[in-house]
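Colleague: When you get a sec, could you build the whole thing from the sequences and use the hints?
Keeping their order, the protein sequence lines are chains A and B. Heads up: the first sequence at position 233 corresponds to 222 in my numbering, and the numbers run straight through without jumps. Heads up: the second sequence at position 229 corresponds to 218 in my numbering, and the numbers run straight through without jumps.
Simulated from the structure, these hints should not be mistaken for laboratory data. Just to be clear, a hint being listed does not mean it is correct.
[Stated by the list, open to error] Label pairs and their calculated CB-CB ranges:
id, chain 1, residue 1, chain 2, residue 2, range
1, A, A95, B, G305, 12 to 22 Å
2, A, E181, B, D207, 33 to 43 Å
3, A, E149, B, A95, 28 to 38 Å
[Claimed, not checked] Reference excerpt, derived from the structure (chain A facing chain B, CB under 10 Å, subset only):
id, residue
4, S85
5, L186
6, E346
7, T348
8, L350
9, A354
10, R440
Computed from a prediction, not measured in an experiment: that's the story for all the values here. For glycine and all other residues, C-beta sits at the position ideal for the given N, C-alpha and C.
Protein chains: 2
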Amino acid sequence: MTLHTRSAPIRVGILLLLLAVLLLAVGCAPRGPLPGQRIAGPPVNDLLELSQDPRDYAAVDTGASVGEKRQSELYEKFLTRFFGPWEMTRSGYAPSEALWGLTRYAKPGFGENTLQRDPEFSQQLRRESRPEAFPSEARRAITLRNTSLRVLPTNRPYFEDFDKAGEGFPFDYFQNSALWAGTPVFISHVSESKAWLYAETAFAAGWVPAGDVAFVSDAFVEEYRSGQYVALVEDDVSVEDPGGRYVLTAHVGAVFPRFGSGGASMAGGYDVLVPVADTEGNAVMKMAHLEPTDAVAMPLTYTSRNMAEVARTMMGRQYGWGGLYENRDCSSLIKDLFTPFGLWMPRNSAQQARVGEVTKLDGLARDAKKERITAEAVPFRTLLHSPGHIMLYLGKREGDPVVLHAIWGLRTESEEGAVGRKIIGRTVITTTSPGLELELVQRSGHDLLERIDSMNDPVAE
Amino acid sequence: MTLHTRSAPIRVGILLLLLAVLLLAVGCAPRGPLPGQRIAGPPVNDLLELSQDPRDYAAVDTGASVGEKRQSELYEKFLTRFFGPWEMTRSGYAPSEALWGLTRYAKPGFGENTLQRDPEFSQQLRRESRPEAFPSEARRAITLRNTSLRVLPTNRPYFEDFDKAGEGFPFDYFQNSALWAGTPVFISHVSESKAWLYAETAFAAGWVPAGDVAFVSDAFVEEYRSGQYVALVEDDVSVEDPGGRYVLTAHVGAVFPRFGSGGASMAGGYDVLVPVADTEGNAVMKMAHLEPTDAVAMPLTYTSRNMAEVARTMMGRQYGWGGLYENRDCSSLIKDLFTPFGLWMPRNSAQQARVGEVTKLDGLARDAKKERITAEAVPFRTLLHSPGHIMLYLGKREGDPVVLHAIWGLRTESEEGAVGRKIIGRTVITTTSPGLELELVQRSGHDLLERIDSMNDPVAE
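Modeller: Structure below.
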């Protein structure tokens, strides 16, 4: 592996010295944190040296635009996908597909008390899932608030052994995906207790708490599909009704129908429709207003500048595996980012890496790969993929590709061979070789750049 | 410290041998889990040797009963407390009291990515809390589903350093208490975004998500206070309306008004009223039915046998700090357990230890304390307290007090002096010296029996 060399600030030297002392010290001594596992410590150099404002990488238009016609085409596809669940009449899955979690997680995992669960837990989940009765339902619905698609019908977590590097909290394998408020879904199954509903969305499926969705009538569907849509360009936006009453919280990635016949709202901003439940669990529409700083009429023109503006609001948010805590993981970041532009993205990194025009990069030597990327990738448009990870290319810096991504951590290896993670845990801007100044990272041999195996242009014809 | 001696099964010897080998081995070697921190491993002996069915300790009436008159008195007090929030006209707190979290947690804690947060997080919470505007509201409300009282208006967790024994997940210091569905509350403040409401309950206060409560009118209050009440005696009960539609999930500790003029429901079981929200966020009543196996008309006669029956359903549930995941911590276990009997308990262990007639036990030598407890405590009635912990006395076994409690873990100390926790993490029945067969526990000097500093009879006049 070619060491990634760069000018070494004094602090790197000091850091290495401190690390060496630490490693020597903990070799045989009463110990503190296990260096082989979760490594906190100061931020990696990239976070200190690279601007964390995406706009700084979009000062000049980078040619990300696709033109109005192409963007229109893509936007139509987006809407078709988004409302797809309301075109369904029955489940799109076989029972074993929908309830894959019963097989994959049949053995007891580790629970919220960090210990291995009793087998009874898995048995209870099987009973609650009622696989023999799937699919037991066929109704269209919509989410009333930000919620989650769970792999199995429970709010309890499924962890792997906390003692393994990169496992335990917050990696809850039952967390399939966050589901933003106002998402059309198709309900295809009801749990034994009725407390959970199996929801099929346009991009993923899983169990949602029954109270977080409301069923939609034909009339609702017809009115809700107003033909004009508004997307959030800020996170944590409170959506209120005309009386000032709080209805729900919306983040980038959320989409609502525009109310009225287009044209700017009297107050500036956008009048939209939002769903609430009546006392029978059926969806009813309310009017709400979104400020012009919080939302845009879709599709927002796809330019590097606009992408940078939307991305800016998402910077620094903590990493959320499967959207836990309404945070973002690597692929939900990409998906939400593209949404205001009316560009549909699937929910996981492997699928996202296959959208549009794909260029394979595996097998390329490190420097050749670097050159290929920096020569051909389009800032704010090209996606870079490595196994289990996806990043948005932003440009280059001193010959290195620079990316925007939600990253959990970097694999590390101590002198004694203990594997760990140097935690980054947020949406950040780095080179494709973050943390290489750390011996712990170097020793792991897991240079992110070397793991990149493809890049793709998701909006190419 | 006097070693607690008991007959030593062969397995204890093997266990000690294995531990010795392990301790020697990890003294200077590449390592796995840090023995000084979270210790999983096989269950402590008490869990293998003591029946985990409370009914086995109530075969004979233990004299826990208080008599009908006394229980009636206590039940009246319960109802007064339970509905207390609906007698309020304004907040019961000064701003600094209600928003104590802003001071206590002013410094950044550790977040869901396990790293220390930026100061911006604390500043944002201060803005969201609007301390200068407290109290900004004065409305009566009711919870629509099981929810949480948060110390500050956020769903994000506040952890201490994950590298410290007994810290990190799942100890979210922002989790004040679970709040069961159907709990009367008084809303005294609204957050900046309106997404959070400050709710004052009869036993605790904190922030709840706005969508989890609905406001109640005078008419609602009058009808809801039907005069007869039903308590859950099972966990995870699905409550449905007459049309079979799921409304909410109820656990032991939940209370609902009985519908109709008393007498058994036609179907057996109980007709109750449950709250749902209309589209304006106001509470509306629905009828629901509870099975006779899931609920009782309050107050359930207070006998050791009945206490054992209710406790049985709560056994084995994972420990939930502040009711996280709708689990129970040591004091919510006690509070919920006493609820069907109409016996009001405060929400934390220190307060619970002061209810009724208190007998101080600190300063007593270990054996003297043991004798005092086993001589005077009443099974299924007396509470035993140690700092931060509360237990229900069940009787004695071979001279040792036996208790039912929700316990996180036992403090341990490795040979090198590293402090850790042997995790139990559930509602269990043990002696007052669980885990003493483990050297790691012995060395810590934290024998639970020695830490018991008082006992109290919560129903004494």
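Colleague: Does each hint fit the structure? Answer for all of them.
Modeller: Results of checking the hints against the structure:
1. A beta carbon spacing of about 20 Å between A95/A and G305/B agrees with the range 12 to 22 Å that was offered as a hint.
2. Look at E181/A against D207/B: about 39 Å separates their beta carbons, and that is inside 33 to 43 Å.
3. E149/A and A95/B have their C-beta atoms about 35 Å apart, which keeps the hinted 28 to 38 Å range intact.
4. For S85/A, the shortest C-beta to C-beta distance to chain B is roughly 26 Å, which exceeds 10 Å, and the interface hint is violated.
5. Hint on L186/A holds. Least Cβ distance to chain B is approximately 9 Å, under the 10 Å limit.
6. Of the supplied interface hints, the one on E346/A is violated, with its beta-carbon coming no nearer than about 34 Å to a beta-carbon of chain B, more than 10 Å.
7. The closest approach between the C-beta of T348/A and any C-beta of chain B is roughly 32 Å, which is over the 10 Å cut-off, so the hint fails.
8. The beta carbon of L350/A comes no nearer than 29 Å to any beta carbon in chain B, farther than 10 Å, and the hint placing it at the interface is violated.
9. Look at A354/A: its Cβ only gets to about 33 Å from chain B, farther than 10 Å, so that hint breaks.
10. For R440/A, the interface hint is violated, since its Cβ never comes within 10 Å of a Cβ in chain B; the closest pair sits about 21 Å apart.
This entry does not satisfy hints 4, 6, 7, 8, 9, 10, going by the numbered hints stated previously.
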